[in-house]
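In order, the protein sequences belong to chains Z and R.
1 is the number of the first residue of the first sequence in the numbering used here; add one for each residue after it.
1 is the number of the first residue of the second sequence in the numbering used here; add one for each residue after it.
It should be emphasised that the hints constitute simulated quantities derived from the structure, not laboratory data.
Among the hints, a few may not be true.
[Stated by the list, open to error] Think about it this way: if two alpha-carbon atoms lie no more than 16 Å apart in a straight line, the pair counts; the simulated EDC-like pairs of lysine to aspartate or glutamate are:
hint	chain 1	residue 1	chain 2	residue 2
1	R	Lys60	R	Glu89
2	R	Lys149	R	Glu165
3	Z	Lys179	R	Asp227
4	Z	Lys106	Z	Glu123
5	Z	Lys179	R	Asp253
6	R	Lys270	R	Asp37
[As the list claims (entries may be wrong)] Sample of chain Z residues at the chain R side, in silico, Cβ under 8 Å:
hint	residue
7	Ser17
8	Glu19
9	Ser30
10	His48
11	Gly49
12	Pro65
13	Leu71
14	Asp73
15	Gln175
16	Ala176
17	Leu178
18	Lys179
19	Ser187
20	Ser191
[Stated by the list, open to error] Sample of chain Z residues with no beta-carbon within 12 Å of chain R, all distances over it, derived:
hint	residue
21	Glu2
22	Glu6
23	Val27
24	Val34
25	Ile35
26	Val46
27	Lys58
28	Leu61
29	Leu74
30	Arg80
31	Glu123
32	Val125
33	Ile172
34	Glu194
The structure presented is a predicted model; accordingly, all values stated were derived computationally and were not measured.
Glycine included, each C-beta is placed from N, C-alpha and C at the ideal position.
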Amino acid sequence: MEGALELLTRSGLLSLSAEELGRQLLVERSDLRVILVRPADVPAYVDHGAADLGIVGKDILWESPGSHYELVDLGFGDCRLVLAVPESSSFDGPDTWPPMMRIATKYPRTATAWFEARGQAVEVVRLHGSVELAPLVGLVDGIVDLTATGRTLRENGLRIASVLGSSTARLIANQASLKTRTAAVQSVVSSLREAAGGDR
Amino acid sequence: MRRWGYRHVITPLVESMDVLDLGLGVDQRRRLFKFTDLRGEVVALVGERTVPVARLVAGKLRAAALPLRLCYAGPVVSTDEGRFHHRRETYQVGAELIGASGPVADAEVIALAARCMEATGIRRYQIDVGHAEFFHGIMDAVRLPDDVKGAVRSALVARDFVGLESLLEGTPLKSAEHELLLRFPALRGGPEILEAAGALVRNRRSEAALTELSRVRELLVGHGIGDVVILDLGAIRDFDYYTGVIFEGYGPDFGQPVAQGGRYDGLLAKFGRAAPATGFVVQLDLVSEMLTRAPRPPALPRIDAAVAWTGSGLNTALRLGSTLRLFGMRAIVDTQSRGPAEAKAWWRALGATNLIHCRGEADVSWSSDGQRTRTLPPEQVAARLAGGLS
Numbered sequence: 001m002e003g004a005l006e007l008l009t010r011s012g013l014l015s016l017s018a019e020e021l022g023r024q025l026l027v028e029r030s031d032l033r034v035i036l037v038r039p040a041d042v043p044a045y046v047d048h049g050a051a052d053l054g055i056v057g058k059d060i061l062w063e064s065p066g067s068h069y070e071l072v073d074l075g076f077g078d079c080r081l082v083l084a085v086p087e088s089s090s091f092d093g094p095d096t097w098p099p100m101m102r103i104a105t106k107y108p109r110t111a112t113a114w115f116e117a118r119g120q121a122v123e124v125v126r127l128h129g130s131v132e133l134a135p136l137v138g139l140v141d142g143i144v145d146l147t148a149t150g151r152t153l154r155e156n157g158l159r160i161a162s163v164l165g166s167s168t169a170r171l172i173a174n175q176a177s178l179k180t181r182t183a184a185v186q187s188v189v190s191s192l193r194e195a196a197g198g199d200r
Numbered sequence: 001m002r003r004w005g006y007r008h009v010i011t012p013l014v015e016s017m018d019v020l021d022l023g024l025g026v027d028q029r030r031r032l033f034k035f036t037d038l039r040g041e042v043v044a045l046v047g048e049r050t051v052p053v054a055r056l057v058a059g060k061l062r063a064a065a066l067p068l069r070l071c072y073a074g075p076v077v078s079t080d081e082g083r084f085h086h087r088r089e090t091y092q093v094g095a096e097l098i099g100a101s102g103p104v105a106d107a108e109v110i111a112l113a114a115r116c117m118e119a120t121g122i123r124r125y126q127i128d129v130g131h132a133e134f135f136h137g138i139m140d141a142v143r144l145p146d147d148v149k150g151a152v153r154s155a156l157v158a159r160d161f162v163g164l165e166s167l168l169e170g171t172p173l174k175s176a177e178h179e180l181l182l183r184f185p186a187l188r189g190g191p192e193i194l195e196a197a198g199a200l201v202r203n204r205r206s207e208a209a210l211t212e213l214s215r216v217r218e219l220l221v222g223h224g225i226g227d228v229v230i231l232d233l234g235a236i237r238d239f240d241y242y243t244g245v246i247f248e249g250y251g252p253d254f255g256q257p258v259a260q261g262g263r264y265d266g267l268l269a270k271f272g273r274a275a276p277a278t279g280f281v282v283q284l285d286l287v288s289e290m291l292t293r294a295p296r297p298p299a300l301p302r303i304d305a306a307v308a309w310t311g312s313g314l315n316t317a318l319r320l321g322s323t324l325r326l327f328g329m330r331a332i333v334d335t336q337s338r339g340p341a342e343a344k345a346w347w348r349a350l351g352a353t354n355l356i357h358c359r360g361e362a363d364v365s366w367s368s369d370g371q372r373t374r375t376l377p378p379e380q381v382a383a384r385l386a387g388g389l390s
């Protein structure tokens, strides 16, 4: 959220503090209405047209592709989606994987597609939090999770075996908003694109 | 649609998979509800009705001269693929003009779609008109290795412009077409956009598409809907299916198109009767959702007359009911005998404009909103009501 608010300030669209938005969830200012929702819910608001534009991590978009337009890589919120296994594990590249891999993740769709593309049979256990624990107690062979620095993984005795993809924050737009409110939406898009350092 | 000479056809809700396989893409096939019938044949509930109509035209109607103008209405079903609330069943009204090619036919179908949207009660709407060949031409002309081309196409269809940009950045060759692809969502506007795009493209297919779009736009002005038409060269649709002019209809403040259509000249040949074709659907369930959420949702039409009776008034009531309906009014004749006070209560509950109470063969009273009750000869009732309504 900080990254998004900083970008909004830098773009000159509006300046808003995290406390203020966190307290109110919905702020209206200078012709803009800003809403705060959980990251995973951003595509829902945008795809259904409740929001014209959304700022959300690419990791969420992998997991829930929809009818929105993905317009700009905003550059902040760097992180990687990785396959992490216990330090002691012998798993490394695909050659070392077992016939049936068990993994825990908050990203079942992305993880399944990635393993399937590599011809690996996989059983995905969908968890909602503290995914790092799952391999330590023997629930799964490894986890697919998001990491920025890898510290949490190391602290839990896990190491990165493969990187599934890198993610940054993206600007997404509702398909109808782009077409029916072109001028207003495009002007916000170009302000944000400029602030994000895009050259187009 | 009847007024445009489109004949109503009824196609089955359950179709053989063999038929649907011929006409549908892989993704569409995957989304069908499939099951087997008693003979073990795989059948499916239709997910759209253009393919069944195409089969009809190539089959039962094969002797009918082209062009054929057909329309249909009905539910279509698809499995839940979305993450959110996603409709399994939608109600579609559609029309197909089969056997006619060229801008005049394209414009006719777009204008008909516009009038259908109006008929549903949408007051403000917009129709975006694009052309599939514009995209095909660019993809032909853009200088990229085949695998990158495939990836570019997928990124565009997924509307992932960040992915598209990084794909194109990685290639050494730059052309006007690169720039066009990156600006795809912004390639929209009035006739000036055609000139702007014309200056950038250097391939026959895209140029031909621009010429055709320009003609279609002129014709739509002729149809009287020039002011709702926006040209959208960056329209992203199913490019394997559509072969020419494509369009989408948007209502106010609604996050998705409520109507869509376009030219699909390749489909009929798959059923053995090659013919150019164009058509559209309006998603009535989306329209109704949009209208009921509007600031002034449409009300149900009012009943014009509540016809009550006691004793021997029933015959008069039945006769009056028929007469009023002949005049085009909505009339309800009561199913039970009621006295004056009860009849008034029944009238209020119905919310009808007028109460006609038949107390005998020739004894009729008429009450109306804001007027005192009057006694009338039965033969005058229809005329008085019709006069009051006009």
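Structure-based check of all given hints:
In summary, the hint linking lysine 60/R to glutamate 89/R is not supported, as the alpha carbons are separated by about 27 Å, beyond the 16 Å threshold. Restraint check for lysine 149/R and glutamate 165/R: satisfied, since their Cα atoms lie roughly 13 Å apart, inside the 16 Å limit. In summary, the hint linking lysine 179/Z to aspartate 227/R is supported, as the alpha carbons are separated by about 15 Å, within the 16 Å threshold. Taking the CA atoms of lysine 106/Z and glutamate 123/Z, the gap is near 13 Å; set against the 16 Å cutoff, the hint holds.
This hinted pair checks out: lysine 179/Z and aspartate 253/R have alpha carbons roughly 11 Å apart, not beyond 16 Å. Proposed proximity of lysine 270/R and aspartate 37/R is contradicted: the alpha carbons are some 25 Å apart, above 16 Å. Interface hint at serine 17/Z: violated, since its Cβ lies 28 Å from the closest Cβ of chain R, which is beyond the 8 Å cut-off. At about 30 Å, the closest approach between the beta carbon of glutamate 19/Z and any beta carbon in chain R exceeds 8 Å, and the interface hint on this residue is violated.
This hint is violated: serine 30/Z has a C-beta 20 Å from the nearest C-beta of chain R, more than the 8 Å allowed. The criterion of a C-beta within 8 Å of any C-beta in chain R is met by histidine 48/Z, whose closest approach is roughly 5 Å, and the hint holds. With its C-beta approaching chain R no nearer than about 2 Å, glycine 49/Z sits inside the 8 Å limit, and its interface hint holds. Taken as an interface hint, proline 65/Z checks out: its beta carbon lies about 6 Å from the nearest beta carbon of chain R, inside 8 Å.
The restraint placing leucine 71/Z at the interface with chain R holds, with a minimum CB-CB distance near 5 Å, inside the 8 Å limit. The closest approach between the C-beta of aspartate 73/Z and any C-beta of chain R is roughly 4 Å, which is under the 8 Å cut-off, so the hint is satisfied. For glutamine 175/Z, the shortest C-beta to C-beta distance to chain R is roughly 7 Å, which falls under 8 Å, so the interface hint holds. With its C-beta approaching chain R no nearer than about 5 Å, alanine 176/Z sits inside the 8 Å limit, and its interface hint holds.
For leucine 178/Z, the suggested interface contact is upheld, since its CB lies about 6 Å from the closest CB of chain R, less than 8 Å. Restraint check, lysine 179/Z versus chain R: the minimum CB separation of about 6 Å is within 8 Å; hint holds. Taking 8 Å as the C-beta contact cut-off toward chain R, the hint placing serine 187/Z at the interface is violated, the least distance being around 12 Å. Here the hint on serine 191/Z is broken, as its CB sits about 15 Å from the closest CB of chain R, past 8 Å.
Once the 12 Å rule is applied to beta carbons, glutamate 2/Z is consistent with being away from chain R; the minimum gap is 21 Å. For glutamate 6/Z, the requirement that its beta carbon stay farther than 12 Å from each beta carbon of chain R is met, with the minimum near 20 Å. Consistency note on valine 27/Z: stated as away from chain R, and its beta-carbon is indeed over 12 Å from all of that chain's, at 20 Å minimum. Annotated as non-interface, valine 34/Z keeps its C-beta farther than 12 Å from every C-beta of chain R; the closest such distance is 18 Å.
Remark: the non-interface label on isoleucine 35/Z is consistent with the geometry, its nearest Cβ contact in chain R lying 15 Å away (cut-off 12 Å). Consistency note on valine 46/Z: stated as away from chain R, yet its beta-carbon is not over 12 Å from all of that chain's, at 8 Å minimum. Once the 12 Å rule is applied to beta carbons, lysine 58/Z is inconsistent with being away from chain R; the minimum gap is 8 Å. Not every C-beta of chain R lies more than 12 Å from that of leucine 61/Z, the closest at about 8 Å, which undercuts listing it as non-interface.
Under the 12 Å C-beta cut-off, the non-interface status given to leucine 74/Z relative to chain R is violated; the minimum distance is some 9 Å. For arginine 80/Z, the shortest C-beta to C-beta distance to chain R comes to about 16 Å, beyond the 12 Å cut-off, and the non-interface label holds. Once the 12 Å rule is applied to beta carbons, glutamate 123/Z is consistent with being away from chain R; the minimum gap is 21 Å. Distance check on valine 125/Z: its Cβ is at least 19 Å (rounded) from any Cβ of chain R, clearing the 12 Å threshold; non-interface status holds.
A beta-carbon of chain R comes within 12 Å of the beta-carbon of isoleucine 172/Z; the shortest separation is about 9 Å. Its beta-carbon lying about 15 Å from the closest one in chain R, glutamate 194/Z satisfies the requirement of being farther than 12 Å from that chain.
The earlier numbered hints that this structure contradicts are 1, 6, 7, 8, 9, 19, 20, 26, 27, 28, 29, 33.
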